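Put together the whole structure using the sequences plus the hints.
Residue numbers (this note's numbering): 284 to 478.
Keep in mind the hints are simulated off the structure, nothing from the lab. Careful: at least some of the hints might be erroneous.
To be verified - Below, in silico cross-link-like pairs of lysine-lysine (DSS-like), each with a Cα-Cα straight-line distance of 30 Å or less:
#1 324 / 429
#2 467 / 429
#3 429 / 376
#4 376 / 467
#5 376 / 413
#6 324 / 454
#7 454 / 429
#8 421 / 467
#9 324 / 308
#10 467 / 413
#11 421 / 324
#12 455 / 421
#13 413 / 454
#14 467 / 454
#15 324 / 304
#16 413 / 324
#17 455 / 324
#18 467 / 324
#19 324 / 305
#20 454 / 376
#21 413 / 429
#22 455 / 467
#23 376 / 421
#24 324 / 376
#25 455 / 429
Said to hold, decoys possible - Restraint-style ranges between C-beta atoms, simulated for each label pair:
#26 419 / 376: 16 to 24 Å
#27 296 / 456: 27 to 35 Å
#28 443 / 473: 19 to 27 Å
#29 455 / 304: 30 to 38 Å
#30 418 / 320: 25 to 33 Å
#31 473 / 355: 38 to 46 Å
#32 308 / 410: 44 to 52 Å
#33 338 / 312: 15 to 23 Å
#34 418 / 317: 29 to 37 Å
#35 376 / 441: 21 to 29 Å
Since the model is a prediction, treat every value here as computed from it, not as a measurement. We treat Cβ as the ideally placed atom computed from N, Cα and C, and that holds for glycine.
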Amino acid sequence: MAGFETTAHKDTEQDLVERLKKGQKQAFNQLVSSYQERLFKLAYGITLDREDSVEVVQDVFLSVHHHIQTFRQDSTLATWLRRITLHHCLNWKRKWKRRFKWHHRSLEQENDFEPAQENFNDPELLFREKQLEGALMKEIQALPEKLRLVFVLNAIEGLSYDEIAETLNIKKGTVSSRLHLARKSLINSLELNEK
284 MAGFETTAHK DTEQDLVERL KKGQKQAFNQ LVSSYQERLF KLAYGITLDR EDSVEVVQDV
344 FLSVHHHIQT FRQDSTLATW LRRITLHHCL NWKRKWKRRF KWHHRSLEQE NDFEPAQENF
404 NDPELLFREK QLEGALMKEI QALPEKLRLV FVLNAIEGLS YDEIAETLNI KKGTVSSRLH
464 LARKSLINSL ELNEK
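Below, the structure is given as structure tokens:
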């Protein structure tokens, strides 16, 4: 369960933060190995680009290294890291907009997903699956930012409503309504694409 924390986990996290604040290289390596994959998935859910996501995550860890002393532990380390990752993703998006006027990237270039093994021998099914996947990713990217962030945190990251509320510093009811609007918008958009 994503939101379940034991006392031992909190002690371990607190110990890790203390070691990070002391500048211990081993602690930083532990931080990277523990959180790199999760932060990459979050960044990829927003950027939809593997290379940019890797760059964002590297920037996140660099930020953490430089600013660990400012972490007050009024939230979990995971929540703090997600906030930093979201901040870096939003900065990436702003930078991208300024440089390239935010044209949607080619889905053929971006769509590096592996097909389900059982569908591999059925070209028609594989084609429809790729088409639907591409349309879904395009529609997720087209969602308004507030809706997209909540959707990505829930659907891709698997965070609970409470965790999303804490990460984005919004109320749980706001999370619920934004997630509802995001899903409704995606369903409507995909239904329009089918016609």
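We went through each hint and held it up to the structure:
no., hint, result
1, 324 / 429, "18 Å, holds"
2, 467 / 429, "14 Å, holds"
3, 429 / 376, "13 Å, holds"
4, 376 / 467, "24 Å, holds"
5, 376 / 413, "25 Å, holds"
6, 324 / 454, "24 Å, holds"
7, 454 / 429, "13 Å, holds"
8, 421 / 467, "15 Å, holds"
9, 324 / 308, "24 Å, holds"
10, 467 / 413, "22 Å, holds"
11, 421 / 324, "17 Å, holds"
12, 455 / 421, "27 Å, holds"
13, 413 / 454, "36 Å, violated"
14, 467 / 454, "20 Å, holds"
15, 324 / 304, "26 Å, holds"
16, 413 / 324, "20 Å, holds"
17, 455 / 324, "23 Å, holds"
18, 467 / 324, "23 Å, holds"
19, 324 / 305, "29 Å, holds"
20, 454 / 376, "25 Å, holds"
21, 413 / 429, "27 Å, holds"
22, 455 / 467, "18 Å, holds"
23, 376 / 421, "15 Å, holds"
24, 324 / 376, "16 Å, holds"
25, 455 / 429, "14 Å, holds"
26, 419 / 376: 16 to 24 Å, "19 Å, holds"
27, 296 / 456: 27 to 35 Å, "28 Å, holds"
28, 443 / 473: 19 to 27 Å, "25 Å, holds"
29, 455 / 304: 30 to 38 Å, "31 Å, holds"
30, 418 / 320: 25 to 33 Å, "27 Å, holds"
31, 473 / 355: 38 to 46 Å, "42 Å, holds"
32, 308 / 410: 44 to 52 Å, "49 Å, holds"
33, 338 / 312: 15 to 23 Å, "20 Å, holds"
34, 418 / 317: 29 to 37 Å, "35 Å, holds"
35, 376 / 441: 21 to 29 Å, "22 Å, holds"
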